[in-house]
Amino acid sequence: MRAEDGVRAAYAEIAAWLRATPREDLDRKRHEAELLFRRIGITFAVYGEGGDPERLIPFDIIPRIIARSEWERLSTGLRQRVRALNAFLADVYGKQEILRAGKVPTALVLENEAYRKEMVGIVPPGGIYTHVSGIDMVRTGPDEFYVLEDNCRTPSGVSYMLENREAMLRLFPRLCARHRIAPVSRYPEELLETLKAVAPARAGADPTVALLTPGPYNSAYYEHCFLADEMGVEVVEGADLCVQDEVVYMRTTAGPKRVDVIYRRIDDDFLDPEAFRPDSLVGVPGLMAAYRAGNVALANAPGGGIADDKAIYPYVPEMVRFYLGEEPLLANVPTFLCEREEDRKYVLSNLHELVVKLAKGSGGYGMLIGPHATAAQREEFRARILARPGDYIAQPTLALSTCPTVVEQGIAPRHVDLRPFVLSGKEIRIVPGGLTRVALKDGSLVVNSSQGGGTKDTWVLEDEGPGGLAEGQSQSQVQSAGLGC
Amino acid sequence: MLSRTADSLFWLARYAERAGNVARGLAVASRMAAVSARLGDEVAEWRALLTASGGDAVFYRKYEAPTAESCIHWLVFDPENSSSILSCFEAARRNARSVRTALTVDMWEALNDSWNRLREFSPDATEGEQLADFLGWVRERVTLFNGAAHDTMLRNEAWRFVHLGTMLERADNTARLLDVKHALFAPEVAGAVDYVQWQAVLRSVSALRSYQWIYRDRLSARRIAELMILRPELPRSLAACHAEVSDTLEAIAQEQGGRTGECHRIAGLLKAQLRYGQIDDVFAEGLHEFLTGMITRTAELGAAIDAFYIRH
Chain A
11 MRAEDGVRAA YAEIAAWLRA TPREDLDRKR HEAELLFRRI GITFAVYGEG
61 GDPERLIPFD IIPRIIARSE WERLSTGLRQ RVRALNAFLA DVYGKQEILR
111 AGKVPTALVL ENEAYRKEMV GIVPPGGIYT HVSGIDMVRT GPDEFYVLED
161 NCRTPSGVSY MLENREAMLR LFPRLCARHR IAPVSRYPEE LLETLKAVAP
211 ARAGADPTVA LLTPGPYNSA YYEHCFLADE MGVEVVEGAD LCVQDEVVYM
261 RTTAGPKRVD VIYRRIDDDF LDPEAFRPDS LVGVPGLMAA YRAGNVALAN
311 APGGGIADDK AIYPYVPEMV RFYLGEEPLL ANVPTFLCER EEDRKYVLSN
361 LHELVVKLAK GSGGYGMLIG PHATAAQREE FRARILARPG DYIAQPTLAL
411 STCPTVVEQG IAPRHVDLRP FVLSGKEIRI VPGGLTRVAL KDGSLVVNSS
461 QGGGTKDTWV LEDEGPGGLA EGQSQSQVQS AGLGC
Chain B
345 MLSRTADSLF WLARYAERAG NVARGLAVAS RMAAVSARLG DEVAEWRALL
395 TASGGDAVFY RKYEAPTAES CIHWLVFDPE NSSSILSCFE AARRNARSVR
445 TALTVDMWEA LNDSWNRLRE FSPDATEGEQ LADFLGWVRE RVTLFNGAAH
495 DTMLRNEAWR FVHLGTMLER ADNTARLLDV KHALFAPEVA GAVDYVQWQA
545 VLRSVSALRS YQWIYRDRLS ARRIAELMIL RPELPRSLAA CHAEVSDTLE
595 AIAQEQGGRT GECHRIAGLL KAQLRYGQID DVFAEGLHEF LTGMITRTAE
645 LGAAIDAFYI RH
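These protein sequence lines map, in sequence, to chains A and B.
Heads up: the first sequence at position 297 corresponds to 307 in my numbering, and the numbers run straight through without jumps.
Heads up: the second sequence at position 304 corresponds to 648 in my numbering, and the numbers run straight through without jumps.
Calculated from the structure, these hints are not laboratory results.
Just so you know, even glycine gets a beta-carbon here, dropped at the ideal spot from N, CA and C.
Incorrect hints may have been included.
[Claimed, not checked] Residues of chain A clear of chain B, computed beta-carbon distances all greater than 12 Å:
| hint | residue |
| --- | --- |
| 1 | Ser85 |
| 2 | Leu185 |
| 3 | Glu200 |
| 4 | Ala211 |
| 5 | Val246 |
| 6 | Arg302 |
| 7 | Phe332 |
| 8 | Arg354 |
[What the hints assert, rightly or not] Examples of chain A residues lying across from chain B (beta carbon under 8 Å, computed):
| hint | residue |
| --- | --- |
| 9 | Arg49 |
| 10 | Ser195 |
| 11 | Arg196 |
| 12 | Ala207 |
| 13 | Asp239 |
| 14 | Glu244 |
| 15 | Val245 |
| 16 | Glu247 |
| 17 | Gln254 |
| 18 | Glu256 |
| 19 | Tyr259 |
| 20 | Met260 |
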């Protein structure tokens, strides 16, 4: 919703509701929401900063609304993009045609830290590498979406998509009933289908799936347990698994049990101390050997990071054209690679207008927001870029859309982004919705939870009009008086 | 089920049960101390409670003498005491958190709410007359957790390991509570103070009323011991707890196609011994000797369960 549009049609009902609801009621609901999240234990673990390590991500009670027509266009674009990303991964670890065609610089791929030589020559089942992709989007105008970044490693946040909806249904049942909101609760089922679809052939019709977590100290641990629970699969730590004769087993009360598919939420580096970092304590020795032997499927496949690397990002539209022969439906934000001389010159003379990011960074750390930075901060980044140009990329600041948000002073517009989750197995599936992150500070463009961002429920409306209220329940049976004798 | 999950379920139930048992012990001791204070033997009460809770060696290194204040702090809030109520809830919740997928929402909320609330209590929540309310709250929370487990868990292996933990801990606790008071049960004593003490012992296992229902007669040392050790009707008796432990282990074995080991043998022996034992034989052996033997074998059983299902 942008100021000049006024209130978009999809928000009409919400606007009326906000006008009719006194501030005290909103505050009470916010408090209830916080209690609810604390009670269910949906926390985000932040260790090493002192204070309570189990923190809540602020939840804003005003939903972010996406019209059905808008969602249709968006999801078609997402399917296209993820198909291209998968094709790119299969290619760079296979025939490398896109490199030979000169569409992506060879050195940028093969010398990239995110490129895993261990994956060369391995063909994962179905040729799928990024089974779960989180594509970060921003809306800049009617039907105008940009992709900020792709996440093909272990994207998190989907539990918030699900729990935020649960919270809204509990806190505002009537408001929810007045809208026809596309349900998101099928996500765990879809995820399980996706994972089962990539099991090794010998596993048969009912493969054993497990979710591999680094453990309770990981910031997304809640999500790992939540998803495993919803799917009805075990959440395992490295020590729960062992590899014998290139077969992966988990230790159970009834003895070792063979595992066919691992939804791993551990970074590549820590997966297997025999293949990657030898000091990893959370991984499984021998896991990569079992993977190479085709005895276990890993989702996402190791090495997917080469597709979502910030230096590779500018080439994604080219991947769409090269592999699919289609024009990209989703736009990229114009990106300057400081490594390239002409880009660097432009960046250094326009620092006040650009966002500068670490090519390898994540979580909103180590960023320069040019228009909001002080002269000293800009000078600091100039020096850093000159010292290590390959580490930095820059993008123009976008006129991000905002969404009404409850803040101390009342209700105010705040910038939002959107991370839909795209599942790739035998087919591509997208649950209508995603994680909306909101920058709670006035004017801020940084939505990361580690930087004071919050979340909102994301409503994809089934139609543009309000739906009916569901009412009526039969009376419960009560105990009859006396003993009747 | 994952061995680690079984381990966490077993221990979260043990710690929850232990928190409730510490509260039970404290409630009785503080009541007895009030009575004994008039007789000038308050310290003996606290000393007995420390012995029952185990880990008293650390207490004596840290505090000079067992006073009401030091004992209550040690047993409620002291993080250095791995069996303090605070430590028990912390450990129960830590275990629960690592196996969220195996718990029902009700169980998790019962533990998580308790933990969040416990951290908000100020130290004066256990001072003076507030102590009874606080201990009542702890017992309520544990009852809520046990009820949530009982009412909401699928009767699968997860439930069995939770139940195993609760019952093994409960058996251990009843044996310890009775053992610290074993001197009261010598045949020659039966003064007015002993009568109050007997009542207190029964109250600690919620069995004062049960005694009346079963025996319909005045309290006697023999019967109290019989009730707490051998009567299967009393849910906290050794016989009842060990029957549950053994039956639960057998149920797990049956689901795993009859896979059994040392833990099944020990549990079966204990169950049979308590099922067919007679109180005269217990007293002939010596109550203290009998109970010490029980505590030791309960610990051996815990280790055997661990060896068979967890760290194989």
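Each hint, compared with the structure:
Every C-beta of chain B lies more than 12 Å from that of A:Ser85, the closest at about 30 Å, which supports listing it as non-interface. Chain B leaves A:Leu185 outside its interface by the beta-carbon criterion, the shortest separation being 24 Å against a cut-off of 12 Å. Every beta carbon of chain B lies more than 12 Å from that of A:Glu200, the smallest distance being close to 19 Å; the non-interface claim holds. Every CB of chain B is more than 12 Å from the CB of A:Ala211 (nearest about 26 Å), matching its label as outside the interface.
Not every CB of chain B is more than 12 Å from the CB of A:Val246 (nearest about 6 Å), against its label as outside the interface. Look at A:Arg302: its CB is around 25 Å from the nearest CB on chain B, clear of 12 Å, so calling it non-interface holds up. For A:Phe332, the condition that its CB be more than 12 Å from all CB atoms of chain B holds, with the nearest at approximately 42 Å. For A:Arg354, the non-interface assignment is confirmed: its Cβ lies about 48 Å from the closest Cβ of chain B, beyond the 12 Å cut-off.
This hint holds: A:Arg49 has a C-beta 6 Å from the nearest C-beta of chain B, less than the 8 Å allowed. The restraint placing A:Ser195 at the interface with chain B is violated, with a minimum CB-CB distance near 15 Å, outside the 8 Å limit. Here the hint on A:Arg196 is broken, as its CB sits about 19 Å from the closest CB of chain B, past 8 Å. Against a cut-off of 8 Å between C-beta atoms, the interface hint on A:Ala207 is violated, since the closest Cβ of chain B lies about 22 Å away.
Interface restraint check: A:Asp239 against chain B, minimum CB-CB distance 4 Å, threshold 8 Å, status holds. This hint holds: A:Glu244 has a C-beta 5 Å from the nearest C-beta of chain B, less than the 8 Å allowed. Interface restraint check: A:Val245 against chain B, minimum CB-CB distance 5 Å, threshold 8 Å, status holds. The closest approach between the C-beta of A:Glu247 and any C-beta of chain B is roughly 7 Å, which is under the 8 Å cut-off, so the hint is satisfied.
With a least beta-carbon distance of about 15 Å to chain B, the hint placing A:Gln254 at the interface is violated under the 8 Å criterion. Taken as an interface hint, A:Glu256 does not check out: its beta carbon lies about 22 Å from the nearest beta carbon of chain B, beyond 8 Å. At about 11 Å, the closest approach between the beta carbon of A:Tyr259 and any beta carbon in chain B exceeds 8 Å, and the interface hint on this residue is violated. With 8 Å as the threshold, the beta carbon of A:Met260 comes within range of chain B, its nearest partner Cβ sitting at about 6 Å, so the hint holds.
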